[in-house]
Amino acid sequence: MKKNDLFLLLGVLLAAFLLFLGLRLFSGNGEAVEITVTGDVLGVYPLSEDRIIPVADCAEVRIEGGRVHMAFSDCPNQICVRHAPIARVGQTIVCLPNGIAVRILGDGGFDAVVG
Amino acid sequence: MKKVLCALLVVLTVLFCSCATAKKRYTQTLPTVFDTFCELTAYCRSEEEFRRVADAVSGELLRLHRLFDYFNEYPDLINLKTVNETAGKEAVPVDGDFLALWTLAEELYEASDGKCNAAMGHLTALWRDCFEAGDRLPDGEAVREALSHTDPATVRVENGMVFFLDPDVRLDFGAIAKGYAGERAAEVAVSLGCTDFVLNLGGNVVVRGKKPYGAWQIGIENPDGGVETSVSLSDGAVVTSGDYLRGMDVDGVRYGHIIDPDTGSSARLWRSVTVICGDSGLADALSTALFCLDETRGRALAARYGAEVLWIPAHGHPIRTQGFAAYEGGE
Amino acid sequence: MKNTMTKTKKIALAGLLAALAFGLSYIEFLLPFDAVGIPGFKLGLANLAVMLALYRLGSGEAAAVSGVRLVLSLLLFGSVTGFLYSVAGAVLSLAGMIVLKRTNRFGVPGVSVAGGVLHNAGQTLCAMVILGTAGIVSYLPLLLITGAVTGAVNGGVLFMILKRIGEKKHE
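Chains as they are written, first to last, in the working numbering: chain A, 1 to 115; chain B, 1 to 331; chain C, 1 to 171.
Chain A on its own, in the form it takes in the complex:
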């Protein structure tokens, strides 16, 4: 047993801890939002830039401060507009009457989100 062995062990543990902290800080929140209308991809937009995206004359998606919400929709039930802003990978906002799906893309995150 040499002193270096102990240093190596502690070094690895420290590195793992720092990596864990780093990943925790940056993971989870998505990188982009994908908007599809009846299955066809309308576009993919980065979350880093604020943006107003009109969707097929019947709805409006907004990216604000890294979060996405449905600002407007002409659908009767307004479920999509009521949905809180989303930012985590796997989260979606759906407007069934208009066939619009707004989904956060990125690495890691969730395979499905219920709620």
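Rather than coming from a laboratory, the hints here were simulated on the basis of the structure.
From the three backbone atoms N, C-alpha and C, an ideal C-beta is built for every residue, glycine too.
Chain C residues, not near chain B, derived (Cβ > 12 angstroms throughout): (1) Thr6; (2) Ala19; (3) Leu20; (4) Leu24; (5) Tyr55; (6) Leu76; (7) Gly156; (8) Gly166; (9) Glu167.
Restraint-style ranges between C-beta atoms, simulated for each label pair: (10) B:Gly160 / C:Gly23: 53 to 61 angstroms; (11) B:Arg45 / C:Gly23: 28 to 36 angstroms; (12) B:Gly140 / A:Gly22: 54 to 62 angstroms; (13) C:Leu31 / A:Arg82: 44 to 52 angstroms; (14) A:Ser48 / C:Ala95: 35 to 43 angstroms; (15) B:Asp224 / A:Lys3: 49 to 57 angstroms; (16) C:Leu31 / A:Leu18: 26 to 34 angstroms; (17) C:Leu30 / B:Asp249: 54 to 62 angstroms.
27 angstroms max Cα-Cα, derived DSS-like pairs, lysine-lysine: (18) B:Lys23 / B:Lys210; (19) A:Lys2 / C:Lys163; (20) C:Lys163 / C:Lys9; (21) A:Lys3 / C:Lys163; (22) C:Lys10 / C:Lys163; (23) B:Lys24 / B:Lys210.
Go by the hints and put chains B and C onto chain A.
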């Protein structure tokens, strides 16, 4: 030594080349059924294999959607609408899936002291009309009248035939059909050799197998935004019932889409209830029943079926069963 | 040729160690570590035999022991995808251990820790490439820690073994 290493190298090269069988991740949006956005994510060996599974799953979901459709009839199919319109007059022969779902509904009616009731179609129809209008409540007299025709005991099922002893009773599988369909569709996928997938029927998730590097991660949304927590799951179902998206506000009061069979009005004990258990149909029925039950009775019901639960109340902190906490973590 | 092994003896010993490595792999295969809840968690028992080869025989023999174990494991209870992860882990792990041993600045436990950590790192990197998602990196911290801990334990065991049977005396 060199020869051995050379031979080893050759073996390795061959194996590397044959590694085309590694499973890849595929996702596809399925047809909209049960009024929800449906999606299948699976690890398959090829795109063709995934398409085959997705098509079969879509087909099964569509079949069950038609069978349990409250609003429409289809040619050559005796479905829920047919039953509702004719079972008051004569016995109607129904499909095996219809019988299976009714059996589940009857059992859960007993177990939940009537909170999960598939025989209150008149009541849910009254509310559905109001939710669509969005600005009024159903007439009190009409609700009382509807409440007097909600006894599942008046629905006779014998030899594959359904007959209503009370001609004014109506079936509505809205609270349980989605979960049942998810379970059947998952069986179809498994029968085609697909072992690792997530089938998401809008708030109703069935998972099988796992990802190549660990269990599936299912997020559970907080009604106020963001993700409340997440669970790691390999085989089973996660179903959330919530009142915050579907429903309406009248005179500043929130009316969610889940109707308590005892009051005839929106249940408002919880903002959302999430259930994890082995069977998606059971999870769906339980989440609806638990949404109308207080914590004590809810815990007893969940324990009876070995289900794990997360309750998010209107005020205060979320409550969870001990087993639910065991699924959490990783986030 | 005094105090050195004959070539025949070396090959025979390498074969024995390969068999030992394979046996240890089988024992791990039987242990239900999926229950630990850490995907990819392994004790790395087979590395004991590989390191024994590294210290008693040499780098080439260690590589051979490791390679034979991998192929045998694949044939008996592996999937091809799982095999690729194993190869990535084994190659990186062995390379790291050989380098660290040559520096002469680390003892057996240190080399073993490096082996365990690099094995897990190699597997994770391979998974990222094969599955095409960087999200798997989130498992890396935990796998680094488990790799270091199991490596340290294995290293301790090996340290005691080598104290009794001695390191190689040839070359």
